[in-house]
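Residue numbering for the sequence shown is 1 to 464, as defined by the UniProt record's numbering.
The set of hints was computed from the structure by calculation and includes no laboratory data.
Quick caveat: nothing in here was measured; it's all calculated off a predicted structure.
Any given hint could be a false lead.
[Unchecked claim] Derived BS3-like pairs: lysine-lysine, alpha-carbon spacing no greater than 27 Å straight-line:
hint	residue 1	residue 2
1	369	276
2	276	240
3	276	333
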Amino acid sequence: MGFFTETPTSPHAEVRGAQRRTTSLAELGILAALGLVGLVLAIKYDAFEGLLGWAADHDWLQFDEISLIVLLESIGLALFAWRRYREAQAETHRLVAAERDLAHTTQHYESLFEENPHAVFSLDLEGRFQHVNAAGVRLGGRPAAEMRGMPFTSMIEMEDLDRGREAYVEILARRPQEFEVGVIHKDGHHIDLRITGLPIVVHDQVVGVFVIAQDVTEHNRTRRERDDALVRAEAANEAKSLFLANMSHELRTPLTTVLGTTELLLDTPLDAHQTKFVRVVERRGRELSRMVEDILDFSRLEAGSNHVVAVAFALNEAIDDVVDEARAAAQRKGLAFTVHLEQGVPQRVVGDPGRLAQVLRHLLDNAVKFTEAGRVRLTVTHEEPEHLLFAVDDTGIGITPEHEGRLFESFAQADPSATRKYGGTGLGLALCHELAVLMGGSIRVESSPCTGSRFELRLPLREA
């Protein structure tokens, strides 16, 4: 493909140079050895007769000495040439091994380049395509030969051109970039690409840019659809909350009139049957009134306009009315009802008595509502510094583990059939959870089907 071809200083060239040097040294060593053999033979067969006469005229130099000098020089030259030959041979072996490793590495990286599932490109310093893998060809819809030499900006959509150019400048400055751009396929359709760009550095010089491109068109489309759906859901939820708030306001006025009328009726002479009927109307009216208040509270919580207060109050006074109502409801169903304040619980605390009573009313009402036989118990415990634990236990129908996760969702009940049998809006526990968090506390549940439930409300209520 040309992306991993050798350079003038590559190991391939070094191997060939070393092989030439080895051959030259070998030839030199052979010549030196042949010269040495010839010299020895010449001495042995008196080939230097002329030299002997000349040596006789120069008594300071004897033939034996000349022979020794020549012999030693020849031996030294041969040894030197042989040593250099062995060194060159070792260097050649090393470079051949390096060439083999380089070929393996080159094949490895070529495979990574070609077989990469993402589109991979290399660009020159001018931003023109140099190499492209098979995935890049499929992504752009253009053959590699057509893309080679084409500027990358020719494929980017107009609104993303500046972003692409700025990113390219940053990459050439050795600052890798990751960004998204829209590109145009050869057939004209739009593609969203997530680009990762890296500089190609050779001998400490940037010689190009390496690009990995991932098609995120479908991902972006799904994300836009999800965002649009979220906006629509939020708008629908806001409309629902506004509707509930308006309806609650509309219901509050006639309910107040009904409750006021029942109080007036109870002040008039009534027989036992009439009094019983009026009491039923009053009780149901107050239940409906509390339901309306819950809807209003929940709407305010969703709008972020609900607040809590921090005042000193007597704990027993704050929960007496709630306890009395729950005890009366339990007695009507034949249930045992007990309240226990453990040792160490302060008589006066600082917090929001109205919100505390509201949460406890829901927990106790549910305990009585979903218990057909047995008991309901409220226990108050001093826990940690400045915290109180309110635990409501019952022997009711219980909750399955798979339904526990939905308990504190708005307009949800553990079992949808419970709405038909026991009534309710499904707002009670959701409101309890939101109010507990608003007061800086928490609420949790432990339950088993057909055994009962335990709801624990933890609140930071310091002693006053």
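Structure-inconsistent hints, enumerated in ascending order | Failing hint: just 2.
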